[in-house]
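Engineer: Each chain, written out:
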Amino acid sequence: GAGVSQSPSNKVTEKGKDVELRCDPISGHTALYWYRQSLGQGLEFLIYFQGNSAPDKSGLPSDRFSAERTGGSVSTLTIQRTQQEDSAVYLCASWTKNTGELFFGEGSRLTVL
Amino acid sequence: AQSVTQLGSHVSVSEGALVLLRCNYSSSVPPYLFWYVQYPNQGLQLLLKYTTGATLVKGINGFEAEFKKSETSFHLTKPSAHMSDAAEYFCAVSPSGYQKVTFGTGTKLQVIP
Numbered sequence: 005g006a007g008v009s010q011s012p013s014n015k016v017t018e019k020g021k022d023v024e025l026r027c028d029p030i031s032g033h034t035a036l037y038w039y040r041q042s043l044g045q046g047l048e049f050l051i052y053f054q055g056n057s058a059p060d061k062s063g064l065p066s067d068r069f070s071a072e073r074t075g076g077s078v079s080t081l082t083i084q085r086t087q088q089e090d091s092a093v094y095l096c097a098s099w100t101k102n103t104g105e106l107f108f109g110e111g112s113r114l115t116v117l
Numbered sequence: 036a037q038s039v040t041q042l043g044s045h046v047s048v049s050e051g052a053l054v055l056l057r058c059n060y061s062s063s064v065p066p067y068l069f070w071y072v073q074y075p076n077q078g079l080q081l082l083l084k085y086t087t088g089a090t091l092v093k094g095i096n097g098f099e100a101e102f103k104k105s106e107t108s109f110h111l112t113k114p115s116a117h118m119s120d121a122a123e124y125f126c127a128v129s130p131s132g133y134q135k136v137t138f139g140t141g142t143k144l145q146v147i148p
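So the sequences go chain by chain: A and B. Throughout, the working numbering is defined as the position within the first sequence, counted from one, plus 4. Throughout, the working numbering is defined as the position within the second sequence, counted from one, plus 35.
With the rest of the complex left out, here is chain A (with noise of 0.2 Å):
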């Protein structure tokens, strides 16, 4: 596609489920970031990925947080056991050395009840 697409755009789950959320980017974007927006606290680093590695996985808030990425495209975030701190809005952006710059997607809401 032409853009980043996130899936699904809105999600609520109820406490203690797992969730997963995907992230497609943009074809041929090396670099792909994830992010959470939570109310008041900016953009909370979470993980990027280069290629199918994760050099820089610090941002993940627990064990429960983890992220994959696969052929070099899609990456799945999966929360296990999701806590109400969790609700947030989760981003993905990818990157492309031709431009220097994050491309975002619309984002994933989860409210976790």
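Any given hint could turn out to be false.
Unchecked claim - Pairwise CB distance ranges (calculated): (1) B:103 with A:11: 37 to 45 Å; (2) A:60 with B:42: 40 to 48 Å; (3) A:84 with B:77: 24 to 32 Å; (4) B:118 with A:67: 22 to 30 Å; (5) A:89 with B:90: 35 to 43 Å; (6) A:6 with B:45: 32 to 40 Å; (7) A:72 with B:104: 32 to 40 Å; (8) A:9 with B:117: 38 to 46 Å; (9) A:104 with B:104: 26 to 34 Å; (10) A:66 with B:148: 40 to 48 Å; (11) A:26 with B:147: 22 to 30 Å.
Unchecked claim - Derived pair list, reagent style EDC-like, types lysine to aspartate or glutamate, alpha-carbon separation capped at 20 Å: (12) B:93 with A:28; (13) A:15 with A:28; (14) B:135 with A:72; (15) B:93 with B:123; (16) A:61 with A:28; (17) B:135 with B:50; (18) A:101 with A:24; (19) B:103 with B:120; (20) B:135 with A:105; (21) A:21 with A:67; (22) B:143 with B:99; (23) A:61 with A:72; (24) A:61 with A:24; (25) B:143 with A:67; (26) B:143 with A:110; (27) A:101 with A:60; (28) A:61 with A:48; (29) B:135 with A:89; (30) B:143 with A:72; (31) A:15 with A:60; (32) B:143 with B:106.
For the record, the hints were derived by calculation from the structure and aren't laboratory data. Since we're looking at a predicted model, the values are computed, not measured. From the three backbone atoms N, C-alpha and C, an ideal C-beta is built for every residue, glycine too.
Given the coordinates of chain A, work out where chain B should sit on it, guided by the hints.
Structural biologist: Chain B alone, transformed into the frame defined by chain A:
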């Protein structure tokens, strides 16, 4: 390590007045610096970026920013605010294009008619 500080979570200006949004950064290496904008109910998009070369960079919609190494600053300005400039603005830093991009907490700009 790198970090970004945006002074003022909310800024109000009158239509036609100067817009000044402040950003200070810390970086152990020469930084790449960015300003992104998020309009209401929209995704983030790049306003402008500094990588190397000219320290005054111009972006879209009449915005510009100046990289001042001695002050570790990258403030965003626009000579005359327009109602359509109302949005949230994020400053970001990266040691290079291919590494972690750290965002500030954002500044919401309100334009008063």
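Engineer: Against this structure, judge whether each hint is valid.
Structural biologist: Hint check:
no.: 1; hint: B:103 with A:11: 37 to 45 Å; verdict: holds, 42 Å
no.: 2; hint: A:60 with B:42: 40 to 48 Å; verdict: violated, 27 Å
no.: 3; hint: A:84 with B:77: 24 to 32 Å; verdict: holds, 31 Å
no.: 4; hint: B:118 with A:67: 22 to 30 Å; verdict: violated, 46 Å
no.: 5; hint: A:89 with B:90: 35 to 43 Å; verdict: holds, 41 Å
no.: 6; hint: A:6 with B:45: 32 to 40 Å; verdict: holds, 34 Å
no.: 7; hint: A:72 with B:104: 32 to 40 Å; verdict: holds, 38 Å
no.: 8; hint: A:9 with B:117: 38 to 46 Å; verdict: violated, 31 Å
no.: 9; hint: A:104 with B:104: 26 to 34 Å; verdict: violated, 19 Å
no.: 10; hint: A:66 with B:148: 40 to 48 Å; verdict: holds, 46 Å
no.: 11; hint: A:26 with B:147: 22 to 30 Å; verdict: violated, 41 Å
no.: 12; hint: B:93 with A:28; verdict: violated, 30 Å
no.: 13; hint: A:15 with A:28; verdict: holds, 17 Å
no.: 14; hint: B:135 with A:72; verdict: holds, 17 Å
no.: 15; hint: B:93 with B:123; verdict: holds, 18 Å
no.: 16; hint: A:61 with A:28; verdict: holds, 19 Å
no.: 17; hint: B:135 with B:50; verdict: violated, 36 Å
no.: 18; hint: A:101 with A:24; verdict: violated, 28 Å
no.: 19; hint: B:103 with B:120; verdict: violated, 24 Å
no.: 20; hint: B:135 with A:105; verdict: holds, 12 Å
no.: 21; hint: A:21 with A:67; verdict: holds, 15 Å
no.: 22; hint: B:143 with B:99; verdict: holds, 17 Å
no.: 23; hint: A:61 with A:72; verdict: holds, 11 Å
no.: 24; hint: A:61 with A:24; verdict: holds, 17 Å
no.: 25; hint: B:143 with A:67; verdict: violated, 33 Å
no.: 26; hint: B:143 with A:110; verdict: holds, 19 Å
no.: 27; hint: A:101 with A:60; verdict: holds, 18 Å
no.: 28; hint: A:61 with A:48; verdict: holds, 12 Å
no.: 29; hint: B:135 with A:89; verdict: violated, 24 Å
no.: 30; hint: B:143 with A:72; verdict: violated, 33 Å
no.: 31; hint: A:15 with A:60; verdict: violated, 26 Å
no.: 32; hint: B:143 with B:106; verdict: violated, 23 Å
Hint check: violations occur at hints 2, 4, 8, 9, 11, 12, 17, 18, 19, 25, 29, 30, 31 and 32; the rest are consistent with the structure.
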